[in-house]
Amino acid sequence: MAKIIISILLLAGSFFILIASIGLIRLKDLYSRLHAATKAPSFGIFLILIGVSVYFNTPMVYIKSLFVVAFIYLTAPLAAHAILKSFREEDKDKPEKKQ
Amino acid sequence: MEYDISIGVLIVSFSFLLAALVLAFIRLLKGPSINDRVAAMDVIAVVVMAFIVVYSVLIDNDIYLDLPVIISLISFIGTVAVSTYLKHRHG
Chain A
1 MAKIIISILL LAGSFFILIA SIGLIRLKDL YSRLHAATKA PSFGIFLILI GVSVYFNTPM
61 VYIKSLFVVA FIYLTAPLAA HAILKSFREE DKDKPEKKQ
Chain B
1 MEYDISIGVL IVSFSFLLAA LVLAFIRLLK GPSINDRVAA MDVIAVVVMA FIVVYSVLID
61 NDIYLDLPVI ISLISFIGTV AVSTYLKHRH G
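Just so you know, the protein sequences line up as chains A and B, in that order.
In terms of this note's numbering, the first sequence is residues 1 to 99.
In terms of this note's numbering, the second sequence is residues 1 to 91.
The shape of chain B in the complex, shown without the other chains (with noise of 0.2 Å):
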């Protein structure tokens, strides 16, 4: 709280978050398997969280830390039931 970072510091994480947010989306649109598109939604679910962070220093208050919880649970949920239907669907 008693520390401000510099604005700058904050515009150059977020555009590194943004580009990481778009190369997966990218993956995510062309992927040859569904499995790449599993992947990349499991990238772009740890990126929405590193904003929601990111986004939460910027603001400085800290009532938005609860959702990269239930996001990680979530996406880890959604990966493994995607797959399991995969696995299950030649048999």
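Looking at chain A on its own, in the form it has when it is part of the complex (with noise of 0.2 Å):
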């Protein structure tokens, strides 16, 4: 039983990282890019995570596993937020340059 669980979390994860990078190639400008690349991976890798301290099951795995879902979900959408910030700052400058 466990087994199945594991199998279907890290397809699930695999899958969503692969839904993650369709948008992004996909998709027409940055901001829609980055709605793509910013949610989706983290949801993957969180999926993966589970399905790795499921079939590992010890102590330090739960606590490893843990640290890389805290760290992901606190620094995507800083990473995020950073990228378009940056984005913005050219985007003021283009109507300026056209005339």
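Each hint should be verified, as a subset may be incorrect.
[Stated by the list, open to error] Which bits of chain A does chain B cover? Going by a derived footprint, with three or more residues having C-beta under 8 Å, they are: (1) 8-17; (2) 76-86.
[As the list claims (entries may be wrong)] For the chain A half of the interface with chain B, some residues (derived, Cβ under 7 Å), not all of them: (3) A2; (4) K3; (5) S21; (6) F56.
Source of the hints: derived by calculation from the structure; they are not laboratory data.
Note that beta-carbon positions come from the ideal geometry of N, C-alpha and C, so glycine has one too.
Dock the two chains into a complex; use the hints.
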């Protein structure tokens, strides 16, 4: 039973990361690309780490997985915010250059 | 440790991650702006972390699980550094 749960978690996590990458290459502008590139990989690696924690089932692995999930969920919105803020600085300059 | 995951599940998972890596690398190559390339680098870091974690299931050993902690911190620092450089470039 645990084997089936681990398999489903690993496959679902990989699938979510694949979805994020497809969204990164299919969407039109940087705003929607960052929408795809921020949320889906966090959820995918969350699922994969749950599966691996159930697989190994030792306290050290649970602590390391908790660290990784906490870092990812803390830093992914900050990284997206920084990228978009630097993009908007250039975006504000563009209409003045065109005139 | 006591469960053996079938090799087909791991191969399908690796192939999903490899396809994700290739697509993110295409966006890294042809991104119109530098910000797109930084976003692609962020996704590539997550894909590499997932590779390491699934590989540790494949070899049935948990010594490699330190690496995703380090990669998550380093990738965040790199993203913020490049974004700050881009923001202050014009000013």
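For each hint, the structure was consulted:
Evaluation of the coverage hint for the region 8-17 of chain A: fulfilled, as 6 residues show C-beta separations to chain B shorter than 8 Å, against a requirement of three. For the region 76-86 of chain A, the assignment as covered by chain B holds, since 9 residues bring a beta-carbon within under 8 Å of that chain's beta-carbons and 3 suffice. For A2/A, the interface hint holds, the least distance from its beta-carbon to any beta-carbon of chain B being 6 Å, beneath 7 Å. With 7 Å as the threshold, the beta carbon of K3/A comes within range of chain B, its nearest partner Cβ sitting at about 5 Å, so the hint holds.
Because the beta carbon of S21/A sits about 4 Å from the nearest beta carbon in chain B, less than 7 Å, this interface hint is met. Hint on F56/A holds. Least Cβ distance to chain B is approximately 5 Å, under the 7 Å limit.
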